[in-house]
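All residue numbers for the sequence shown refer to the numbering used here, where the first residue is 80 and numbers rise by one.
Hints listed in this document are in silico derivations from the structure and should not be mistaken for laboratory results. Ideal Cβ placement from N, Cα and C applies to all residues, glycine included. Please note that a few of the clues may not be correct.
Here are the computed lysine-lysine pairs in the BS3-like style, where the Cα-Cα straight-line distance is at most 25 Å [what the hints assert, rightly or not]:
1) K165 <-> K215
2) K165 <-> K181
3) K117 <-> K263
4) K318 <-> K265
5) K187 <-> K117
6) K181 <-> K226
7) K263 <-> K215
8) K226 <-> K187
9) K209 <-> K181
10) K117 <-> K201
11) K209 <-> K131
If you anchor each label on the Cβ, the simulated ranges turn out as follows [to be verified]:
12) K209 <-> E323: 27 to 37 Å
13) K150 <-> D171: 50 to 60 Å
14) K290 <-> V351: 20 to 30 Å
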Amino acid sequence: MQELLTINDKGRIAMDGLKDVQGQPDYRRIAIDKVGVKDISYPIVVLDRTNKIQHTIATVNMYVDLPHHFKGTHMSRFVEILNEYKKEITVDSFREILRTMKKRFDAKTAHLEVEFPYFIEKAAPVSMAKGIMDYKCKFSGSLGEKKDFILEIHVPISTLCPCSKEVSKHGAHNQRGMVHVAVKFKGFIWIEDIVETVESSASCPVYSLLKRPDEKYVTEHAYDNPKFVEDVVRDIAIKLEETENILWFSIGAENWESIHNHSAYAYLERRVRDRWP
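From just these sequences and the hints, can you work out the full model?
Structure representation (structure tokens):
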């Protein structure tokens, strides 16, 4: 017995007797690059370097291409596929989800975006008091004639202005900032590795919990390590280029200036190797 029975050129009827409106033909002859679902809040499990796994809540976007002759796509199938892979989100399972999407929708291209907070326990530099830092992360990828996968991470930092230190007799202005790093890589890479690369390239890392001896340390450490946003992105770039399994990266650094009514920003992008995953 066939799953779908064609009744005429205006629609199909499913086995449950209800009309398949999405399966009706469309005569405008306009294909759509992406159709799907956005902003699905969903519990996921990701790999954690220290604790093996970490439970978190993701915002998921899922799309496929739609040929010109179809009126619409079956949105419920996206959620069904997501339910099948809820146990663990990794680079390997990510690609498997994309393959399943292509097959289930008979699509040429599938796209998946999974954005989530990732939590790392971090000790203060002097007191060693432990606090939890959260980092916004995103897996995004597509599978068509070519495949693509990008890991993106936002890392808060602290910087101290080299110019202010040079021209001032007493102190220098500093500010919090945010670094956005996106990488393509072969094999595997830990989120923690990227976070540590960024934090070591700032004037000083940002902590969630600081005692007075810690505040003294981070203030003096930043003063001894002044950085422009240009310095930050260049120093990160040097370290990423030295990481063998990274193939491409982009780095954006923004300082929320403490004495100016604007932000300072720097960005660079590099393809460092030709072997793609």
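For each hint, the structure was consulted:
no.: 1; hint: K165 <-> K215; verdict: holds (20 Å)
no.: 2; hint: K165 <-> K181; verdict: holds (18 Å)
no.: 3; hint: K117 <-> K263; verdict: holds (23 Å)
no.: 4; hint: K318 <-> K265; verdict: holds (17 Å)
no.: 5; hint: K187 <-> K117; verdict: holds (20 Å)
no.: 6; hint: K181 <-> K226; verdict: holds (12 Å)
no.: 7; hint: K263 <-> K215; verdict: holds (17 Å)
no.: 8; hint: K226 <-> K187; verdict: holds (12 Å)
no.: 9; hint: K209 <-> K181; verdict: violated (44 Å)
no.: 10; hint: K117 <-> K201; verdict: violated (33 Å)
no.: 11; hint: K209 <-> K131; verdict: holds (19 Å)
no.: 12; hint: K209 <-> E323: 27 to 37 Å; verdict: holds (32 Å)
no.: 13; hint: K150 <-> D171: 50 to 60 Å; verdict: violated (35 Å)
no.: 14; hint: K290 <-> V351: 20 to 30 Å; verdict: violated (40 Å)
Violated hints, in rising order: 9, 10, 13 and 14; the structure is consistent with all others.
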